[in-house]
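> What follows is each chain in one-letter form.
2 protein chains.
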Amino acid sequence: MHTCANGDTIVLVRNSADASPFRSASIKDIARLAKVSHSTVSRALHHSPLVNPETGDKIRRIAEETGYRRSAVARSLVTRRTDTVGVVVTHIADPFAAEVVGGIEDAALERGFSVILANSGGDPDQEVRAVESLEERRVDGIVVTSSRVGALYVPMLARMKVPIVLLNNQHPGDFVHSVMIDNVEASIAVTRHLIEAGHRRIAYIGDRNGHQSDTERFEGYLTALANADLMFDAGLVAQGDGKPTGAPAAVERVMAQPQPPTAIFCYNDMTALGVMREVRARGLKIPDDISVVGFDDIPFAEYVDPPLTTIRQPMHEMGRLAMRTLFGLLAGSDSTQNIKVPGELIVRRSTAAPKETR
Amino acid sequence: MHTCANGDTIVLVRNSADASPFRSASIKDIARLAKVSHSTVSRALHHSPLVNPETGDKIRRIAEETGYRRSAVARSLVTRRTDTVGVVVTHIADPFAAEVVGGIEDAALERGFSVILANSGGDPDQEVRAVESLEERRVDGIVVTSSRVGALYVPMLARMKVPIVLLNNQHPGDFVHSVMIDNVEASIAVTRHLIEAGHRRIAYIGDRNGHQSDTERFEGYLTALANADLMFDAGLVAQGDGKPTGAPAAVERVMAQPQPPTAIFCYNDMTALGVMREVRARGLKIPDDISVVGFDDIPFAEYVDPPLTTIRQPMHEMGRLAMRTLFGLLAGSDSTQNIKVPGELIVRRSTAAPKETR
DNA sequence: CTGAAAGCGCTTACAG
DNA sequence: CTGAAAGCGCTTACAG
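First to last, the sequence lines map onto chains C and S. The first sequence finishes on residue 358 if you use our numbering, and the numbering steps up by one all the way, no holes. The second sequence finishes on residue 1358 if you use our numbering, and the numbering steps up by one all the way, no holes.
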């Protein structure tokens, strides 16, 4: 309840017994209290120079005192902007997604944007539904991480919907706007690191889910082997599932070879965690008996024992870059943006020279 | 562009050179194409029984073909609901927050709700700003995790704003609606676990940021000691910062005691990670020389070496419970909901009997 | 079964 | 500097 100097009073009451939507104070309520038109209230709240400073102050004071909150939904209807971006991730609890969203959040906050989260669960259909739901909510832009749909968005875009940028697109083929880690180069770098340490038999444990990033990392692995004139041995390649649980079977397969590997390159850090665990369960010491490398540099990579050698993806920065691209698009840029971000080789103690060479 | 059987045509054009907000198709465009009123279109899109089945089908087909997306913002303005919940977290990249948000997401999706994310950065002022921003966006409800404001929301609520539920409130004192882990009981359980293993000198490494949860966990620790008739030694208590980085100094302090501890109870798993690392750097073996326990059971707790004994917080489930409470409130419930969730002691290999007793 | 009308809470030319 | 008016894209009584 707010009582004015002139005795006017406003009481907002929940309508009836249940908590169904109640009417919150509107610009008109403030107008009545301030004895001005609602147009003037609207201007005052925007600090428009068109309103008398004293009137403006009075209006803002009343708004403050009554706990008035302007309705972003009403505003959006007329401005046709929601100052909102949608982000679709596979699972928010995935450390990669969480870090990326952190970067997106930061960039959004700087511009007064909010972010709406949507899950794809890694499923193409659910991903499309998530994007559609975001479109209904009239977000100003969308970033899709680890998309399984990728280029299929092109026709949607042709219909002139919201701008979309993909972050680490997992669908083969290019998309108009994207920020991607340079998987091939990074993969060459880790593999070369192992080769230079003296390894000749290097296993690759991939991801059976057919991610584009897996294809590219495998490609980098092959390239590095070729560059060093090392033979490729298909027996040293096995598939995991991107999670620790997929590792044991894959380790079993490569270690069963007549000449087992002295190093294992894992598709990602989560796989590496499972690999380290399985390798250790087999009584092997890391890195003395076998070297292990991952990919991503998730926050825990440095806390496992031994700390994991890996490729750092600048996840937070990638989130920001995706937002910068989006803001550029919103500002009218219509150029294609395909940003390729370099990974960084982080050498820790899970890698060393192979036994034989020492 | 959409061309109708009757030759009518609709073309939507971005207005002018820049990508400024363009007009997306509205219910009226569909109405024109279908040669009905926009009221009928609205009904058809809702599958209202009030519309002729054939007319309805025709309308929906046209909507489909033109890629029409109803505007949730316009709908919200009239229905006074946004089918949206706001979630404020300290940092989304925090594993605890990410898991909780995962549970919230799942519960939201089941009811067709979207979630808007907002960061508090652990700062009370920013937390309040985040909540206000969510109110402006007219979310139907808000869940605040690890609130630093807690009971201070009461006056805001008195103004009849959006329902708020706190998840693991970190502000002293109770709030109307909350879901909390039972810190005291859980803390008694881990401490008792150590005592039963034979430990007599148990250190506690807390969190200097003054979280309510730290106070409660410390309380549980004291209670368990007292229950076992063990003397409390202030020299065995040190403060970390909830992150691995805060651990070394704290370990230094407790290990410098004339009689160092044989076990360390850490405020949370992140602290335990740092403790394990520091303890190992000092040449001590875990658990042979010293036992370490954490709190939370973050996803990585089982992958560190040795796997960490800890208290599992059912984070995902807690997120769902918060949503259930919110939905109850939205459905008209006006009862106070203070849900206390039990933690679960997960014994792994970072704890064992102390050396002397073996 | 259908349409005309009012209204949700704002913003913003337009006229004073 | 201020107000009346139109309109953003929907929903929903109300009258046929």
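Just so you know, the hints here were simulated from the structure itself, not pulled from any lab data. In this text, a Cβ means the ideal position worked out from N, Cα and C, and glycines have one as well. Just to be clear, a hint being listed does not mean it is correct.
Claimed, not checked - Derived coverage of chain C by chain S (criterion: at least 3 residues anywhere in the stretch with Cβ under 8 angstroms from a Cβ of chain S; other residues may be distant): (1) 69-82; (2) 235-246; (3) 297-311.
> Taking each numbered hint in turn, which are not upheld by the structure, reported in ascending numerical order?
Those not satisfied come down to hint 2.
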